[in-house]
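Please model the entire structure based on the sequences and the hints provided.
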Amino acid sequence: MKNSFLLTLSLSVFVAVVSCSNSVARKSELKPNSEVNQQSDKIEFSEVKRFNKNVVIPETSVITTFKQTIELYRKLADKAFGRSEPIPTLGDSEYFLVLKPKLKKITYGDIEVEKIENKNSSLTVSYKEVESTEYETEKLTNPILIIKIKGKVPDNIKLKSIN
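Going by the working numbering, the sequence shown opens with residue -9, and the numbers climb by one from there.
Treat the hints as calculated values from the structure; they're not laboratory data.
Take the hints with a grain of salt, since some may be wrong.
30 Å max Cα-Cα, derived DSS-like pairs, lysine-lysine [to be verified]: (1) Lys32 / Lys95; (2) Lys43 / Lys148; (3) Lys148 / Lys39; (4) Lys140 / Lys150; (5) Lys148 / Lys57; (6) Lys105 / Lys69; (7) Lys129 / Lys39; (8) Lys105 / Lys32; (9) Lys150 / Lys92; (10) Lys94 / Lys109; (11) Lys32 / Lys138; (12) Lys148 / Lys129; (13) Lys105 / Lys95; (14) Lys105 / Lys142; (15) Lys69 / Lys129; (16) Lys148 / Lys92; (17) Lys65 / Lys95; (18) Lys118 / Lys95; (19) Lys92 / Lys109; (20) Lys118 / Lys140; (21) Lys150 / Lys95; (22) Lys57 / Lys142; (23) Lys94 / Lys150; (24) Lys94 / Lys118; (25) Lys142 / Lys92; (26) Lys140 / Lys39; (27) Lys150 / Lys105; (28) Lys92 / Lys43; (29) Lys65 / Lys129; (30) Lys92 / Lys129; (31) Lys129 / Lys109; (32) Lys140 / Lys109; (33) Lys138 / Lys109; (34) Lys140 / Lys92; (35) Lys109 / Lys39; (36) Lys150 / Lys57; (37) Lys57 / Lys105.
The calculated label-pair distances, taken between Cβ atoms and stated as ranges, are [unchecked claim]: (38) Ala70 / Lys148: 32 to 40 Å; (39) Leu80 / Val103: 25 to 33 Å; (40) Asn153 / Thr123: 14 to 22 Å.
Where is the CB? At the ideal position from N, CA and C, for every residue including glycine.
So this is what it looks like as structure tokens:
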């Protein structure tokens, strides 16, 4: 009985040592900090609303308050309708990014954001121009996209066309 207990105990210790030594990463298997930081630079976002209207707003703008949101929606409201749809709100550490790039390749197109990256408190928004039969039929040339982002408000925003 004593021998079987010692045998079981020594086998358990051996298994524990082997499994612990396999779980420790070798120095060559560790990823350098630059690779880890590059992955954390991508920003998650969600689309809030699309418009296509000829209004005077900057190519990119950041909205951080409900008052600013109401002002934007007043500019974008369709006067033909008495009631507008609900105005979105912001949660903690959230802001709206409003994009109104000038289309270069497709006259009556829309935009599709592919990715947003943050580097040194500067956002780079990569987008592509896409065809829109609705915009072409109506001869609409001013796509506006409102997206919601969680995080710190950037110091600078760059638009980058990828097509």
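Hints versus structure:
1. Lys32 / Lys95: holds, 26 Å
2. Lys43 / Lys148: The hint holds at about 22 Å.
3. Lys148 / Lys39: Cα-Cα ~20 Å, so holds.
4. Lys140 / Lys150: holds, 21 Å
5. Lys148 / Lys57: holds, 25 Å
6. Lys105 / Lys69: violated, 33 Å
7. Lys129 / Lys39: Roughly 20 Å between the alpha carbons, so the hint for Lys129 and Lys39 holds.
8. Lys105 / Lys32: Given pair Lys105, Lys32 holds - Cα atoms ~7 Å apart, limit 30 Å.
9. Lys150 / Lys92: holds, 11 Å
10. Lys94 / Lys109: holds, 26 Å
11. Lys32 / Lys138: Distance ~14 Å between Lys32 and Lys138 Cα, so the pair holds.
12. Lys148 / Lys129: Given pair Lys148, Lys129 holds - Cα atoms ~27 Å apart, limit 30 Å.
13. Lys105 / Lys95: Roughly 19 Å between the alpha carbons, so the hint for Lys105 and Lys95 holds.
14. Lys105 / Lys142: holds, 17 Å
15. Lys69 / Lys129: Given that 30 Å is the threshold and the Cα spacing comes to 19 Å, the pair holds.
16. Lys148 / Lys92: Holds, at about 13 Å.
17. Lys65 / Lys95: Holds, at about 26 Å.
18. Lys118 / Lys95: holds, 10 Å
19. Lys92 / Lys109: Judged against 30 Å, a Cα distance of about 24 Å means the pair holds.
20. Lys118 / Lys140: Distance of about 22 Å is within 30 Å: holds.
21. Lys150 / Lys95: holds, 13 Å
22. Lys57 / Lys142: holds, 19 Å
23. Lys94 / Lys150: Holds. Lys94 to Lys150 sits at ~12 Å (cutoff 30 Å).
24. Lys94 / Lys118: Satisfied, since the Cα-Cα distance of roughly 10 Å is no more than 30 Å.
25. Lys142 / Lys92: The given pair, whose Cα atoms are some 26 Å apart, holds under the 30 Å limit.
26. Lys140 / Lys39: Given pair Lys140, Lys39 holds - Cα atoms ~16 Å apart, limit 30 Å.
27. Lys150 / Lys105: With Cα atoms ~10 Å apart, Lys150 and Lys105 stay inside 30 Å; holds.
28. Lys92 / Lys43: Holds, at about 12 Å.
29. Lys65 / Lys129: It holds: about 20 Å lies between the C-alpha atoms, which stays within 30 Å.
30. Lys92 / Lys129: holds, 15 Å
31. Lys129 / Lys109: violated, 37 Å
32. Lys140 / Lys109: Between Lys140 and Lys109 the Cα gap is close to 15 Å, so the pair holds against 30 Å.
33. Lys138 / Lys109: holds, 18 Å
34. Lys140 / Lys92: OK: Lys140 and Lys92 at ~26 Å, within 30 Å.
35. Lys109 / Lys39: holds, 26 Å
36. Lys150 / Lys57: holds, 29 Å
37. Lys57 / Lys105: holds, 28 Å
38. Ala70 / Lys148: 32 to 40 Å: Given range 32 to 40 Å: holds, Cβ gap about 36 Å.
39. Leu80 / Val103: 25 to 33 Å: 19 Å Cβ-Cβ, so the 25 to 33 Å window is violated.
40. Asn153 / Thr123: 14 to 22 Å: holds, 18 Å
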